[in-house]
Structures are given as C-alpha cells and as structure tokens.
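Undergrad: Line order of the protein sequences matches chains A and B.
If you use this note's numbering, the first sequence corresponds to residues 1 to 366, in order.
If you use this note's numbering, the second sequence corresponds to residues 1001 to 1304, in order.
Everything labelled a hint here was simulated from the structure, so no lab data went into it.
The beta-carbon is built from N, C-alpha and C at its ideal position, and this holds for glycine as well.
Each hint should be verified, as a subset may be incorrect.
Pairwise CB distance ranges (calculated) [unchecked claim]:
| # | chain 1 | residue 1 | chain 2 | residue 2 | range |
| --- | --- | --- | --- | --- | --- |
| 1 | A | Asp54 | B | Leu1044 | 55 to 65 Å |
| 2 | B | Leu1076 | A | Pro88 | 48 to 58 Å |
| 3 | A | Val70 | B | Ile1294 | 42 to 52 Å |
| 4 | A | Lys182 | B | Cys1134 | 33 to 43 Å |
| 5 | A | Thr16 | B | Ala1287 | 49 to 59 Å |
Here are the simulated lysine-lysine pairs, DSS-like style, with alpha carbons at most 27 Å apart [unchecked claim]:
| # | chain 1 | residue 1 | chain 2 | residue 2 |
| --- | --- | --- | --- | --- |
| 6 | A | Lys130 | B | Lys1262 |
| 7 | A | Lys153 | A | Lys178 |
| 8 | A | Lys103 | B | Lys1193 |
| 9 | A | Lys103 | A | Lys73 |
| 10 | A | Lys153 | B | Lys1193 |
Residues from chain A shown here face chain B by an in silico Cβ test under 10 Å; the list is partial [said to hold, decoys possible]:
| # | residue |
| --- | --- |
| 11 | Ala50 |
| 12 | Gly58 |
| 13 | Val70 |
| 14 | Pro71 |
| 15 | Pro72 |
| 16 | Asn83 |
| 17 | Arg119 |
| 18 | Ala143 |
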Amino acid sequence: MAQVTLNKIVKMYDETPAVRGIDLDIADKEFVVLVGPSGCGKSTTLRMIAGLEDITGGEIVIGGHVVNDVPPKDRDIAMVFQNYALYPHMTVFENMSFGLRLKRVARAEIQQRVENAARILDITELLSRKPKQLSGGQRQRVAMGRAIVRDPKVFLFDEPLSNLDAKLRVQMRTEIKKVHQKVRTTTVYVTHDQVEAMTLADRVVVMNGGLIEQVGTPNELYHHPRTRFVAGFIGSPAMNFIPCKLEQAAGALRILLPGGIAFAVPADRTARYRDHAGRADLLLGLRPEHITETHRNIDPGQQEFQVTLEVIEPMGMETMIYFQIDGVEVCGRVNPAAGAEAGQPMQLLADLNHMHLIDEKTGLML
Amino acid sequence: MTATATFDKGGPSRPVRHGSMSRDRTLALRWSYFFLILFVLFFLTPPIYMLITSLKTSGEIAGARNPWWVFDPTLLNYQTLLTSPEFLRFIWNSALVSVLVVAITMVVSVTAAFALSRMRFWGSATLATGIFLCYLIPETLLFIPLFKMFAVFNQLTDIQLLNKWYVLVIIYPTLTVPFCTWIMIGYFASIPKELDEAALIDGASYIQILTKVFIPVALPGIIAATIFAFTVSWAQFLYPLAFTTSSDQLVLPVGIITTLIKGDVYNWGQIMTGALITAAPPLIIYAFLMDYYIAGLTAGATKG
C-alpha cells in the first residue's frame, strides 16, 4: 500500500513562492500526472516528494508516514529523470543494480531482479553495454529499469520523454503505460505536454502559478474544466475564447458575439445561465471540434453561422480552419471533403451543446 | 544574370582566381608553420644543448671547439651521478616528497571540490573564490612568513621542521591544493546534478556518491590535477632552497646546484646531466597521460 498525500505543501525560494499550498491525495496504484506550463511548480512538487527539495510548509505522507524530514533513500521511491541520469561509467546491469548493491542485497537476488526488470522492458541484450552505446529510447528504458528493479512504493517521473524525438516519444508513452499496467506501482509523473498527461493518467493534476487549478480524470478535465486556464490548457488545438454578451430573449437566452453573430443557448442550459443574463463580461468557450462544416440534420443545440476563412491547415483526416470574429482568432475542425478554402466564405456549424461560459474577470466557468 | 547576382560575393558570376578560400588557408598555414618552427627552436634548443653537454667530458666542455657537437661522447657523467649516494638521496627525497604531496593534495582537493560544488552550505561560494585567490599569491611573498611560522612553531613545541625534507610535504600543498581544487570544482560542475540526485535516491551517502560516481566519472580531471600537483612539487625550487640546507635533506633541483657548483667551479657536464635526469619523470608522465591532461583542463569548456 502506498498512498501519497500532500497537505498544504508550500515551497519558497527565498521570498519567491514556487508552490503555494497544495493539497493532493494519490491513491495506491494510481497513475497521477502533474501538468502545467513551465514555472507552475510541478517539478518542484515532484522533487519535494522525492526529498530532493526541502519542504517550506505543510506535510508529505507516503504510505502512512510523514516523510518531511526523511532523506530520499529512506522514502522508498524511485525517480526517472529527464536526462536519464545514468551513471556513465557503469554498464546497464551495474546501473540498474546500483541501488540494490548499496543496500547489500544478495547477489543472486540482484541478478534475478535485474533480469526480471530487463525482461519487462525488453533490454536483456543491452545489460552489458555502457550508456553511451545506447540510443535515447534505450537509455530511457534503462532509467525506468533502474526504478523498477528497486520495487519502490512510488515511481516519480520528471518529464522523462522530453529529450526524445516525437515518434519515439509516442512509442515510449505507450511503453510507460504498459509497464505501469504490469507493475501497478503508484506513479507521479510530471510533464508540460497535455497530450502525455491525457494519455497516461488515471487522474491529471493541472497546476498553474504554484497552485492546483483542477484535479480530475482526463475526460473530466476535457469536458468539464472548472477554469479558463484548464479549458485552454487541455486539448489541442486549444479551446476558442470569444468575448460575448448574454441576453434574455422571450424566456430563452441568447449569446451575442461581437461580429453580429447570435446563438441561442440550448434549452437544457437556460436554468444554469439565467442569473447571468445581461452580463457583457463573459467569454464563450468552444472547442475547435465543435465548430464544423454544416450538414443537413441539425440538432437543436447546433447553430449555423457564416465566416470568411483566413487560413486552412489540411491534416489528412481533418482540416483545421482559422477565421476571425471581430479580431479574435477562432479555430475550427472540418471534414477535408467540405471544401474549405482560404479567403472564401464558409457556412459553419457551432455545437452549443458543448459550449462553456466563462467569467472573464475570475476565469471561472459559470 | 540578374542584377542582384553581381552583388552576391560567393556567387559564380564573380571572377574568381585560384579559389580564395584555399589561398587564405595556405597563407594561414604558412604563417602557423613559421611560428611553430620558431617556438620549437626557441623551446627545444636548451634541452638539446643540455643533452649535448651531458655527453661531454669536462675537458671537451672547456675546450674551444664547436659546442654544438660531441666529438668524444661519454656516459661518464651519468655513471658518476647515478652511482653517487648523495645524488640518489636527492632522487629519493624528491620522489618521496612529490608522491606524498600528490597524495595529500588529491585527498584534500577532491573532497573539498566535491563539498564546494555539490553540498551547498553557508559560505561555500565565498570559500570557493577564496581558494582561487590563495592561488594568486606568489610563493616569493609567502616563504619568509612561512619560515617564521615554522621557527616560532619550533620554539613553542620543540618540534624541528626546518631543514627536514618533510617540511616540504607540509608547504607544497599551499601551492597545489588551491589550483587542484579549482580544476576539480570546474570538472565536478560539468557533471549533471541529476546524477548525484539519482545516486541519492538509489541510497548512496555523500561519501559513496563521491567514491562510486564522482571519482570514476571525473577521472580525466583527477589525472590532470595529479599531473599538475606532481609537476609543481617535483620542480619546486624556492621553497626547498629556503627550507632545507643539509645535503641529506635536499631535493633534486636544489641538490644539483648546491652540490655540483663548488664555489666558482661549475661542473657543467654533471649539472646538465642532473638537470636532464630531473626533467625526465614529468616528461614521461606527460607523454603517457597527455590526452587525459588536455581533456581535464578543457572539461568545462566542452561539456558545460
């Protein structure tokens, strides 16, 4: 059993706060990803769990024990670093067994545990090589092997895929997920890449400015973001935010966009937004995949509007379109067969069943 | 041809003679060879002259014949020196002092550099700068106060250190430790921080991080520092001249000039032979470890 609990964790560098009091419960066997832009405190949080940074305030509990003053080696954790941090003078076998040898584990057991981990990661034939003879992906596997061999309570990953090229990154991402499914060790994983976060995590923790913005499963974050930051950070391309005005119109609600475009709010959302009728300091949040080409059978929540396209980006299975609504760039996603052409007007469909309304001042979802 | 092409300096439309790149290169190479030959002549002439003179008898050296040629080569000078108990004693003293100084220096500077570069503690940055400043103080300023210190120490404790070969083992590290520490700080700084963090998480203590990770990884730097410490203590002249006087306590550089120059009689053949024998060990060490030495000194530049 290895739950990890963070209680009001604070980290100050001199007078500058890096982490400003975060609470987080990580369940046993869970894969949690900390994600956020650089400088949001995610790596600092991970390093505090590892014991590589002092904790300014609050407490960290691993497996039922407060570990604030416990040195890293006694926390029973293993960490995988961005630059792998393999010992360059040791072979892969020596790298993987270093921790066990320091703990004076019996030779036969070391042999068995290393071979076992090597089998899981498919690096058995590399055991006698030195790190400089390995490719980036292989080094990454060895770094993971070094973590697995120690059979720790918690795995910590600090942006482990950032040094790999795009193709290998996708491959190693799957690999990490497979390994977690095999060994089921509680994992805390830090990345700035929201795709990595979404694909790997049981739960994603979105951080910003030293605080947690939202914790949730990838789907929760995607469909029900609580703040503008989360809505904009999760999903690629990012959600569109268009300044708008909410108006009461004969029992129903209407959204007025600056370019004279008006959308009716779907009936099932009227109750939720009614109190905000008349406000002009709102943002309409709509993901690119909910702005598509128009078609014949239009649902009640879907509404047509017309724009002039500025840029189109064919991606093969879909085409990204960009246009402006009164100076705000908006992105949509259309079928490649829909005949989108730069500079040409196009009839589009906004799916307001997936709309979000955001208070522009507080950044909170309504 | 368009009008723009005429302004394109690298373009083929411009008339080119011989290919200017290679002409530049030839010219540069000629000058470098010129200066290299100049330097070789300048630096190799003294040792060659030493070698020539060491193979001559006193009579031939005194004779007014061509000093750049050996007419009656002899190994007598080598034979005399290498069988003289006094000279062998100098070699022994030099070797003993150098080996001990290198050992002390490496233990102190490697551990100090590790602490200063990795175990951030209060005042570590100031201390690191202070160590470097120590290196900038010339020994000519230091030897009189040091001498006085040992004299006072003798009065207080009755322990005689002056005129003993081992006083040099105490003094030389004042020269070698600052520089070697500085080299090692630079080398350790080029080792990524994640490496000690990984070792820390793997359960290594600071001593284990040093011995099992840092020393093996920083081996080229350690070899460079060792060579430096050896060269400094082997070739040191001023301190042994000031601190040792009895002939059984002397090291090679001082021993040669104090025993082979008697009054105004210069035994040139033996002086040159002694100097050559003295110069040999560092030369041999450099020849074998040159690559490591260069790798060690340039570590910060290429890996930083």
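Undergrad: Each hint: holds or not?
TA: Outcome of the hint check:
{"no.": "1", "hint": "A:Asp54 / B:Leu1044: 55 to 65 Å", "verdict": "holds, 59 Å"}
{"no.": "2", "hint": "B:Leu1076 / A:Pro88: 48 to 58 Å", "verdict": "holds, 53 Å"}
{"no.": "3", "hint": "A:Val70 / B:Ile1294: 42 to 52 Å", "verdict": "holds, 44 Å"}
{"no.": "4", "hint": "A:Lys182 / B:Cys1134: 33 to 43 Å", "verdict": "violated, 56 Å"}
{"no.": "5", "hint": "A:Thr16 / B:Ala1287: 49 to 59 Å", "verdict": "holds, 53 Å"}
{"no.": "6", "hint": "A:Lys130 / B:Lys1262", "verdict": "violated, 61 Å"}
{"no.": "7", "hint": "A:Lys153 / A:Lys178", "verdict": "holds, 18 Å"}
{"no.": "8", "hint": "A:Lys103 / B:Lys1193", "verdict": "holds, 22 Å"}
{"no.": "9", "hint": "A:Lys103 / A:Lys73", "verdict": "holds, 10 Å"}
{"no.": "10", "hint": "A:Lys153 / B:Lys1193", "verdict": "holds, 24 Å"}
{"no.": "11", "hint": "Ala50", "verdict": "holds, 6 Å"}
{"no.": "12", "hint": "Gly58", "verdict": "violated, 21 Å"}
{"no.": "13", "hint": "Val70", "verdict": "violated, 12 Å"}
{"no.": "14", "hint": "Pro71", "verdict": "holds, 8 Å"}
{"no.": "15", "hint": "Pro72", "verdict": "holds, 5 Å"}
{"no.": "16", "hint": "Asn83", "verdict": "holds, 6 Å"}
{"no.": "17", "hint": "Arg119", "verdict": "violated, 21 Å"}
{"no.": "18", "hint": "Ala143", "verdict": "holds, 8 Å"}
When the structure is compared with the earlier hints, violations turn up for hints 4, 6, 12, 13, 17 and for no others.
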